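Could you put the whole structure together from the sequences, leaning on the hints where they help?
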Amino acid sequence: NYRMSEFTAAIGCVQVDRQDDIINWKNEYAKNNLDSRYQNRVIFPEGMVSGYYKYIVFDHVEKSTGKVYDQPCHKIMNRNCGLPNTDWIAQNHWCVPLYYKGDEG
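1 is the number of the first residue of the sequence shown in the numbering used here; add one for each residue after it.
If you're looking for bench data, these hints aren't it; they were derived computationally from the structure. Note that the structure is predicted; figures quoted are calculated from it, not measured. Where is the CB? At the ideal position from N, CA and C, for every residue including glycine. One should not assume that every hint holds.
Lysine-lysine pairs mimicking PhoX-like chemistry, simulated, CA-CA at most 25 Å apart [said to hold, decoys possible]:
hint	residue 1	residue 2
1	Lys-31	Lys-54
2	Lys-54	Lys-75
3	Lys-101	Lys-31
4	Lys-101	Lys-26
5	Lys-75	Lys-31
6	Lys-26	Lys-54
Taking CB as the label site, the calculated pair distances span [what the hints assert, rightly or not]:
hint	residue 1	residue 2	range
7	Arg-18	Asp-87	17 to 25 Å
8	His-74	Asp-17	32 to 40 Å
9	Asp-87	Thr-8	32 to 40 Å
This is how it looks when you write it as structure tokens:
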């Protein structure tokens, strides 16, 4: 079932109240610590603010603990279409861990 437990809903309510702080922290952290380190990354248009659910870097990974997107959605859904950019991204990206630490970090 797709219902949310009361506990999960309570955590969600607290996080929504903190959403602006979390997004601001992640953007500042990315700007000050990651952007200069990872040149080949997703770059957002001027004025766009990311929630940084993921900090995506476009580099082929020789060794990995596992692939998150082993197959792009268009292949899973049996769509007979060529999406070469999607295929390339699925094979050539990884995500830098970016977790909100609040007042601690």
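Against the structure, the hints come out as follows:
1. Lys-31 - Lys-54: holds, 14 Å
2. Lys-54 - Lys-75: holds, 22 Å
3. Lys-101 - Lys-31: Distance ~16 Å between Lys-101 and Lys-31 Cα, so the pair holds.
4. Lys-101 - Lys-26: holds, 9 Å
5. Lys-75 - Lys-31: With Cα atoms ~35 Å apart, Lys-75 and Lys-31 exceed 25 Å; violated.
6. Lys-26 - Lys-54: holds, 10 Å
7. Arg-18 - Asp-87: 17 to 25 Å: Since the Cβ atoms of Arg-18 and Asp-87 sit about 37 Å apart, the hinted range of 17 to 25 Å is violated.
8. His-74 - Asp-17: 32 to 40 Å: holds, 37 Å
9. Asp-87 - Thr-8: 32 to 40 Å: At roughly 35 Å between Cβ atoms, Thr-8 and Asp-87 fall inside 32 to 40 Å, so the hint holds.
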